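The whole structure should be built from the sequences, with the hints applied where relevant.
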Amino acid sequence: MSKKSKALHGVIQLFLILFLLLYLSPLFLVGINAFKSYQEIMTDVMSLPSAFTCDNIKNVFHDMKYPATFLNTLIATVIGTLGIIVIASMGGYKMARVKTRYSRFCFLFCIAPMMIPFQSFMLTLVNVATTLHINGKIWGLAIIYWGLGAPMSIFLYQGFAKGIPLELEESALIDGCNQFQLFTRIIFPMLKSCTATVTIINVMWIWNDFLLPLLMLGGRKSSKTLQLAAYSFMGQYKMEWQNIMSAAILIIIPALILYLIFQKSIIKGVVAGAVKG
Amino acid sequence: MQANSQKQKARKTALEFAGYVAPAVFFITLFVGIPFVMCIYYSFRKWNGIGKTSEFIGLENYIRLFINDPAFVSALKYTFIYAIGTVLIVNVLAIFFAALLESKIKGRGFFRAAFYIPNIISLVIIGFIWKFICTRVFEALMSITGWGIFGLSWLGDSQLAVFSTIIVSVWQSLGFYILIYVAGMQGVPTELNESADLDGAGAVRRFFSITIPLIMPSISFCMFHSVANSLKMFELIFSLTGGGPGTSTTSIALDIYNTAFNNSRYGYGSAKSVILFIIVLVISVIQVNFFKGKEVEA
Numbered sequence: 003m004s005k006k007s008k009a010l011h012g013v014i015q016l017f018l019i020l021f022l023l024l025y026l027s028p029l030f031l032v033g034i035n036a037f038k039s040y041q042e043i044m045t046d047v048m049s050l051p052s053a054f055t056c057d058n059i060k061n062v063f064h065d066m067k068y069p070a071t072f073l074n075t076l077i078a079t080v081i082g083t084l085g086i087i088v089i090a091s092m093g094g095y096k097m098a099r100v101k102t103r104y105s106r107f108c109f110l111f112c113i114a115p116m117m118i119p120f121q122s123f124m125l126t127l128v129n130v131a132t133t134l135h136i137n138g139k140i141w142g143l144a145i146i147y148w149g150l151g152a153p154m155s156i157f158l159y160q161g162f163a164k165g166i167p168l169e170l171e172e173s174a175l176i177d178g179c180n181q182f183q184l185f186t187r188i189i190f191p192m193l194k195s196c197t198a199t200v201t202i203i204n205v206m207w208i209w210n211d212f213l214l215p216l217l218m219l220g221g222r223k224s225s226k227t228l229q230l231a232a233y234s235f236m237g238q239y240k241m242e243w244q245n246i247m248s249a250a251i252l253i254i255i256p257a258l259i260l261y262l263i264f265q266k267s268i269i270k271g272v273v274a275g276a277v278k279g
Numbered sequence: 002m003q004a005n006s007q008k009q010k011a012r013k014t015a016l017e018f019a020g021y022v023a024p025a026v027f028f029i030t031l032f033v034g035i036p037f038v039m040c041i042y043y044s045f046r047k048w049n050g051i052g053k054t055s056e057f058i059g060l061e062n063y064i065r066l067f068i069n070d071p072a073f074v075s076a077l078k079y080t081f082i083y084a085i086g087t088v089l090i091v092n093v094l095a096i097f098f099a100a101l102l103e104s105k106i107k108g109r110g111f112f113r114a115a116f117y118i119p120n121i122i123s124l125v126i127i128g129f130i131w132k133f134i135c136t137r138v139f140e141a142l143m144s145i146t147g148w149g150i151f152g153l154s155w156l157g158d159s160q161l162a163v164f165s166t167i168i169v170s171v172w173q174s175l176g177f178y179i180l181i182y183v184a185g186m187q188g189v190p191t192e193l194n195e196s197a198d199l200d201g202a203g204a205v206r207r208f209f210s211i212t213i214p215l216i217m218p219s220i221s222f223c224m225f226h227s228v229a230n231s232l233k234m235f236e237l238i239f240s241l242t243g244g245g246p247g248t249s250t251t252s253i254a255l256d257i258y259n260t261a262f263n264n265s266r267y268g269y270g271s272a273k274s275v276i277l278f279i280i281v282l283v284i285s286v287i288q289v290n291f292f293k294g295k296e297v298e299a
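Going line by line, the protein sequences match chains E and C. Each residue of the first sequence is one higher than the last, beginning at 3 in this note's numbering. Each residue of the second sequence is one higher than the last, beginning at 2 in this note's numbering.
Note that these hints are calculated values from the structure, not bench results. On a predicted model such as this, the values are computed, not experimentally measured, just so you know. Each hint should be verified, as a subset may be incorrect.
What the hints assert, rightly or not - Listed next, the in silico DSS-like pairs over lysine-lysine satisfying Cα-Cα at most 25 angstroms (straight line):
no., chain 1, residue 1, chain 2, residue 2
1, C, K105, E, K8
2, C, K8, E, K101
3, E, K266, C, K105
4, C, K107, E, K6
5, C, K233, C, K78
6, C, K53, E, K8
7, E, K164, C, K293
8, C, K53, E, K139
9, E, K164, C, K13
10, C, K105, E, K270
11, E, K270, C, K53
12, E, K194, E, K101
13, C, K10, E, K164
14, C, K78, E, K6
15, E, K5, C, K105
16, C, K293, C, K233
17, C, K107, E, K5
18, E, K270, E, K194
19, E, K266, C, K107
Right, dumping it as structure tokens:
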């Protein structure tokens, strides 16, 4: 490397570091202000807390009913994602294998909703949920995600399953495997890397989703998700920034921890989902 | 005998197919298909959403939309300005940073991961964080630095608020687009760049003549993704500006929500929903055709 290009790299590096610091500074400000008193936020917002206090966090934790709300969000995310994985892996695999007109039609029917914005059928979705008596319930919310998340996931599974050799299935069938065993023991394990992508995309989506929970659970106090609780909580506290920042911290931290642990696979999954989708 | 067993086999395969595919088809029909068809049906009717009865009124909802509804026209205008703004800024910035990250600097993985962090936070929380930045923090910066830029009413002025929603949205999604562009640039063969370098092409020239044409698939995907997302935008403004001041940052999606849930005009809201679907569909088709001819092989 020449001297000139070394210097250039140094400049780029420095620029990126400075820009990144500026870019992430809003999150840093959230972090420091969650631990300040109201008076201190109003007088000195930019510096580190002079008297470090966890009182805001404690109050907010209690007011939001954090453990229950967290559990609700977890239930919706887990049931939602598991269901999507089951129905999309089965459907996507079979539609990749069977090459008839009907199969092609089913595939198009299943992926067409990717082109329909959620906001253009949300009003009537509420009515469907009311008719089925599943609105206001966490498991009802989770089941609706099956229908909303399946199209994208089917698309990914179908594309992935096309690349799996047929021979394994044939020999498994000759060995006396039934269809259920064939899928659970032979095929599903082979779809593993696609399942990872599908899991990452759907967990991140459902965990952070706000609009569907607002429509389905909005009025109810008992079954709120984190995003929903944060919204009503923040509306109620108006400009009490110390509480709002504490709520933000409580919601960001779990996601951030998961991200730091699984950072490599999350980035891989997001890119894989996008490049194929 | 033979024909019979063949028939049986065909029936068995059909049953198997149905067994695998039925759950997906069932849930998609129930939670997307039926609501979508209902929405089209109610868009031609007058309906308050609660009552069992609704009244057929033909195209009245659609006519009123464009002729007699300043709120919807303003939502259309805002959504388009917002979409054009975010799509241009986020894609240009993402390509720029992806190119910097691909210039063989140290800690590329770290930068990519760090830029992605705002993406793991929900848009509602992002909205509240930036409300805090635009009010309390800017106020403090104003008194420290005295710079006029911090004294402006970033969320209170109707034109500035539009700009603020664009900037916050870019801030939140930039990391995602950087990831996609970096992945695209990693697919560009290094020999091409090296031989162009030997031929005397400068870095800027190489970037525009080699990198850009070869990452067309990524550009096409990112344009598609960012356009679709910005036309649907809802959650960020819900918490950042609430659609205000006035209706200056009310998007189509938020207008649909308000029409139905605040004014109980479901039939009318359904007509707006159908319009949103048509807009997204038409723009997507145009994009697909536009980018079809532009992708080249390395």
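Tested hints:
With a C-alpha separation of about 10 angstroms, the suggested pairing of K105 (chain C) with K8 (chain E) holds against the 25 angstroms cut-off. Distance hint between K8 (chain C) and K101 (chain E) is fulfilled; the C-alpha atoms sit about 18 angstroms from each other, no more than 25 angstroms. The straight-line distance between the Cα atoms of K266 (chain E) and K105 (chain C) is roughly 19 angstroms, inside the 25 angstroms bound, and the hint therefore holds. A hinted pair counts as satisfied when its Cα atoms are at most 25 angstroms apart, and K107 (chain C) with K6 (chain E) qualifies at roughly 17 angstroms.
Only pairs whose Cα atoms come within 25 angstroms are accepted, and K233 (chain C) paired with K78 (chain C) is accepted, the gap being roughly 14 angstroms. Our distance criterion of 25 angstroms between C-alpha atoms is broken by K53 (chain C) and K8 (chain E), whose separation comes to about 73 angstroms. For the proposed pair K164 (chain E) and K293 (chain C), the alpha carbon gap of about 24 angstroms is at most 25 angstroms, so the pair holds. For the suggested pair K53 (chain C) and K139 (chain E), the alpha carbons sit about 23 angstroms apart, so the restraint of at most 25 angstroms is met.
For the suggested pair K164 (chain E) and K13 (chain C), the alpha carbons sit about 22 angstroms apart, so the restraint of at most 25 angstroms is met. A hinted pair counts as satisfied when its Cα atoms are at most 25 angstroms apart, and K105 (chain C) with K270 (chain E) qualifies at roughly 20 angstroms. Annotation: proposed proximity of K270 (chain E) to K53 (chain C) is violated, straight-line Cα distance about 49 angstroms (limit 25 angstroms). Distance restraint check for K194 (chain E) and K101 (chain E): the Cα-Cα separation of roughly 23 angstroms lies within the 25 angstroms cut-off, and the hinted pair is therefore satisfied.
The straight-line distance between the Cα atoms of K10 (chain C) and K164 (chain E) is roughly 23 angstroms, inside the 25 angstroms bound, and the hint therefore holds. Between K78 (chain C) and K6 (chain E) the CA atoms are separated by roughly 49 angstroms; this puts the pair beyond 25 angstroms, and the hint is violated. Using a Cα cut-off of 25 angstroms, the hinted pair K5 (chain E) and K105 (chain C) holds, with the two alpha carbons roughly 15 angstroms apart. This hinted pair checks out: K293 (chain C) and K233 (chain C) have alpha carbons roughly 24 angstroms apart, not beyond 25 angstroms.
Our distance criterion of 25 angstroms between C-alpha atoms is met by K107 (chain C) and K5 (chain E), whose separation comes to about 16 angstroms. A distance of roughly 14 angstroms separates the Cα atoms of K270 (chain E) and K194 (chain E); the hinted pair therefore holds under the 25 angstroms criterion. The straight-line distance between the Cα atoms of K266 (chain E) and K107 (chain C) is roughly 17 angstroms, inside the 25 angstroms bound, and the hint therefore holds.
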